[in-house]
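Trainee: The chain contents come next:
Protein chains: 2
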Amino acid sequence: MSRPEVAVPVAIGPATPPPALLEKAVVEGGATVADLADARALIWAGAPGEFPMELPDSIEWVQLHAAGVEDWFTAGIFARHPNVRFTSAAGAFAANVAEHALMLLLAGVRYLPEHLRAGSWRQRDFYPHVSTLRGKTVTIVGAGGIGRALIPMLVPLGAHVIAVNRTGRPVTGPGIPETIETIAADQLGKVWAHTDHVIVAAPATPATRHLIGADELSRLKPTSWVINIARGSLIDTDALVAALASGAIGGAGLDVTDPEPLPDGHPLWVLPNAIVTPHDSNPPQLRLAAFADHVSENVTRFVQGRDLIAPIDLDRGY
Amino acid sequence: MSRPEVAVPVAIGPATPPPALLEKAVVEGGATVADLADARALIWAGAPGEFPMELPDSIEWVQLHAAGVEDWFTAGIFARHPNVRFTSAAGAFAANVAEHALMLLLAGVRYLPEHLRAGSWRQRDFYPHVSTLRGKTVTIVGAGGIGRALIPMLVPLGAHVIAVNRTGRPVTGPGIPETIETIAADQLGKVWAHTDHVIVAAPATPATRHLIGADELSRLKPTSWVINIARGSLIDTDALVAALASGAIGGAGLDVTDPEPLPDGHPLWVLPNAIVTPHDSNPPQLRLAAFADHVSENVTRFVQGRDLIAPIDLDRGY
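Those protein sequences? They're chains Z and V, same order as listed.
Its first residue numbered 13, the first sequence is counted upward by one per residue in the numbering used here.
Its first residue numbered 13, the second sequence is counted upward by one per residue in the numbering used here.
No false leads were mixed into what you were given.
Identical chains blur together in the list; that is why a pair holds if it fits in one copy or across any two.
Taking lysine-lysine and the PhoX-like style, the derived pairs with C-alpha atoms no more than 25 Å apart in a straight line are:
(1) K148 / K233
(2) K233 / K202
(3) K202 / K148
(4) K148 / K36
(5) K233 / K36
I should point out that these hints are in silico values taken from the structure, not numbers from a laboratory.
Next up, chain Z with everything else stripped away, as it sits in the complex (with noise of 0.2 Å):
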């Protein structure tokens, strides 16, 4: 005997109406939208501060909106409902993130600073300085959700991709070609001499500050250019601007700067080879879009009896 087709139902808070982003993700998910009380389950696009202090007892599953969950876990959110399982929005950032980070780089190897500056066809002079990724070796230092995204772009442009995480451990995920290659980050000063581009991804600890400053920088070429979409701290900024200023290196493209904001006046604003974005890889519109998919895909699974995506681990905390 099948089970009746019922759909499941889903509530969404705390915004009353929920954003019409979000409805139509648990709608594509196979479920219906639902008030609280006859759901049973839950997406939360809101913070610890605002979440109910009780659930109904027919809520198995909240999707939380944050990436990172460390507020939550002070909160005591997941030790208040230890019936429910929870998803956090980890990973669903990245992809957008990642996109940022392919647009500086590109942007850099083919010149394009200068050819907005041109005003002028100039063809010949440009010639020389428009490079390509196809064929470069690009070490992406941080093989987290934003280093996993980048990998499956810079790919198919045929460039030959040096991931670097903690363990070595070989770097898996959707669209990762098992040819790529994985470096321990204690390995990492035997890549700058194959390193045609650096990209800058891994997470803000003592251990990542100035995790490319005046050594490594020194072993780079003058065409490599350095990104960072990760945090300011892991660039030793002075030695940047010297780089950049001597022509030691190509060009760099920040989206994240130390100091943060950077501050008018600062060299690197007015440097030609380097393009600074002001944070804003990943601006609100697109984080509700994002979050959106990330929604879509965890109903899909849910209504299917799937394993969830980002399930949060109460024993790691996150």
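With chain Z's structure known, arrange chain V on it following the hints.
Mentor: Relative to the frame of chain Z, chain V by itself:
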């Protein structure tokens, strides 16, 4: 009895010594560089006028440097060497131009030109203007080598691709998913309503002149970017300037213009939402590198006795 392992001798001309990249390509393909008199194949990086009148009987295959070989037919080269297989470089340079198109599109969608002019952090001013290709529909008009090379670059970014070709027969090729939508050129009018961005990659013919004109531009969105890496004549420049100035479309990224070269003082040089690169998406040094990749692949196939890429068909004339 296995055949003794003697490396296949391949000659390179006309330059002496040949470019190091081509020597490397021959060796990577599993052959050795040899004099013409001893060779079984010839890699020819020169023009028809320089081509040898006579070839040694040992020559089985000639790889030409040109993608279009009309001049070679006109010069009667193929007729003069009826026992030799010829291959062109068709497709070899496509990936490079496709990469440029992707760069222009990403730079536009992520609002890079305005960022480069800012010189100041102003994060909240920029937020609403930063977009993504994820979930957006990119219509590629023309599914030749460049269009087909672009598709595998766009798919990992989460873009939905509509390919437009003459026949409407589904576009296929390496890295092109079966889910790609293909539309016949005479149905082009129907795609604008679903299109977020347009990439012009069709050949210049009387039929494609001003393919993108005032009418087409009026049916795009205020956020749409129009990219042209084909020929300037495919877009009505005056209509484009008007659409850019009024904000009817988001912007234009042009590696080709009409007129070309674009004269100093032309509105396209000053409009803030126009990016012009001086037909330099495929500069000489990248052409040689791309040709070397093509040579390496074809030498590999020749050595292994497999079908060659881009064989010249004497009946079709290309």
